[in-house]
Amino acid sequence: MGEKYDVIVLGAGPAGLTAGIYLSRARVKTLIIDSGTAGGQMVMSYNVANYPGVETTSGWDISQTMLRQAKTFGCKVMTQSPVTGMNLSGEDKWVEVEDEGRFYAHAVITATGGVPRELGMESEQRFMGTGISYCATCDGDFFTDKEIVAIGGGNSALEEAVGLTKYASKVTIVHEFNEFQAQPWIVEEARKNEKIHFLMAQDIIEFTGTDHLETVIVASKETGERTLIPAEGCFIFIGYVPNTAVFKGILELNERGELIADRQMNTSVPGVFAAGDLREKRFRQITTSVADGTIAALSAIEFLQQRADSSPV
Amino acid sequence: MLRTNLKHTDTDADYKDIIENNENVMICCGRMGPMCLPVYDIMENLEEKYPSVVFRDMDFDGPAGYNIRSLPECRRFNGLPFTIYYKNGKIVAATTSIQNKKQITSILDREFS
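Going down the list, the sequences are from chains A and B.
The numbering used here puts the first sequence at residues 12 to 324.
The numbering used here puts the second sequence at residues 128 to 240.
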């Protein structure tokens, strides 16, 4: 039998780490497991200026502080540890981790967040790092005085496209619809920028080039007419998808793949709670994830207490 | 200056010393950005499992960064981090942009086992 915990938290983003802090501080034996890096999507934010109590910081710094807090209270944190199997039903739940075996707990908090949406094309993978990027702040300066493409129509896509004009000679925004989903003032700022051009209602067909990206091929949704856009760089900002595939068939999900939980973060399975961006909700912020993590932890503590109270002596 | 738990390669002398005096070396050259941080984290996780490999990071914009930025192997790289694997001082693999644990361990196992 593998190591036993009171609570296993799946995910080490702001929701998972907050749950870990609350649980461990309440002396609940807690294990946090994450297939990636501690911090989750929070580390994508270079500058966080709206986290209450902190004037300005980075997502990385917040995540590292949360990680230290959780560990200080005795929480065990395993990062870069993909989950290979799980059983969330019944009294003794278990989670299996690659190369590490099974871990058992009476309660599980799911806080696996979201992952950047990809187009899912073979050529997208082929030019990753040699033209395709998902981070303007990271890679924008590689495209100084070059023509690039930005794909997407939400706030991030348009804001990043405007930011990329600091480097690029021309930025073509390609969007799948005729209207942008971004806020009107963000669209206005992009429209006023002379370096930005727009191609609306387009499908991405392929990325082509030799040892680096040279052309983005798109096709009109209305006419099917193809356009070859010369571009050495292409930045993809098409949103996030909830990281809930592993829970399909185990926990109740909505049509968008978001996990359904009540106000106390209870999911459809007793003893399993949800917190953060993976669950069905309207607003997704670091602060809302922190709130979710707090509630999920307190609910898990209550669940464990009720379980202990009802157990025969 | 990178704020990771890895040992840093800050100067030309550090760089030269590390690749000349170690059989197996992995250097990740990047910034404190979202594409780089996961790679540093994976390296930290692998240090114990691969004791025969020297893991280092390097600030892309720091004084030693040009040693990797100017490598012919990185000529077409347009995504941080640039990660270089050295065997007896020679480059045996180079990757650009974010990599996952499987991608990294497959190179470590192939080149350094």
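Derived from the structure by calculation, the hints contain no laboratory data.
Where hints are given, some of them may not hold.
Restricting the straight-line Cα-Cα distance to at most 25 Å, the calculated cross-link-like pairs of lysine-lysine (PhoX-like) are [as the list claims (entries may be wrong)]:
{"hint": "1", "chain 1": "A", "residue 1": "87", "chain 2": "B", "residue 2": "229"}
{"hint": "2", "chain 1": "B", "residue 1": "229", "chain 2": "B", "residue 2": "143"}
{"hint": "3", "chain 1": "A", "residue 1": "232", "chain 2": "A", "residue 2": "177"}
{"hint": "4", "chain 1": "A", "residue 1": "232", "chain 2": "A", "residue 2": "259"}
{"hint": "5", "chain 1": "A", "residue 1": "87", "chain 2": "B", "residue 2": "214"}
{"hint": "6", "chain 1": "A", "residue 1": "82", "chain 2": "B", "residue 2": "176"}
{"hint": "7", "chain 1": "A", "residue 1": "82", "chain 2": "B", "residue 2": "143"}
{"hint": "8", "chain 1": "B", "residue 1": "143", "chain 2": "B", "residue 2": "217"}
{"hint": "9", "chain 1": "B", "residue 1": "143", "chain 2": "A", "residue 2": "87"}
Okay, the calculated bits of chain B under chain A, using three or more residues with CB under 8 Å as the criterion [claimed, not checked]:
{"hint": "10", "segment": "166–172"}
{"hint": "11", "segment": "178–189"}
{"hint": "12", "segment": "195–209"}
All C-beta atoms, glycine included, are put in the ideal place defined by N, C-alpha and C.
Hint by hint, here is what the structure shows:
1. A:87 x B:229: holds, 23 Å
2. B:229 x B:143: Violated: residue 229 of chain B and residue 143 of chain B sit about 28 Å apart, past 25 Å.
3. A:232 x A:177: violated, 31 Å
4. A:232 x A:259: violated, 32 Å
5. A:87 x B:214: Distance ~35 Å between residue 87 of chain A and residue 214 of chain B Cα, so the pair is violated.
6. A:82 x B:176: OK: residue 82 of chain A and residue 176 of chain B at ~22 Å, within 25 Å.
7. A:82 x B:143: violated, 37 Å
8. B:143 x B:217: Between residue 143 of chain B and residue 217 of chain B the Cα gap is close to 12 Å, so the pair holds against 25 Å.
9. B:143 x A:87: Roughly 38 Å separates the two Cα atoms, so the pair is violated.
10. 166–172: Check passed, 3 qualifying residues.
11. 178–189: The restraint on the segment 178–189 of chain B is violated, since only 0 of its residues have a Cβ under 8 Å from chain A and three are required.
12. 195–209: holds (count 5)
Going through the hint list in order, the structure does not satisfy hints 2, 3, 4, 5, 7, 9, 11.
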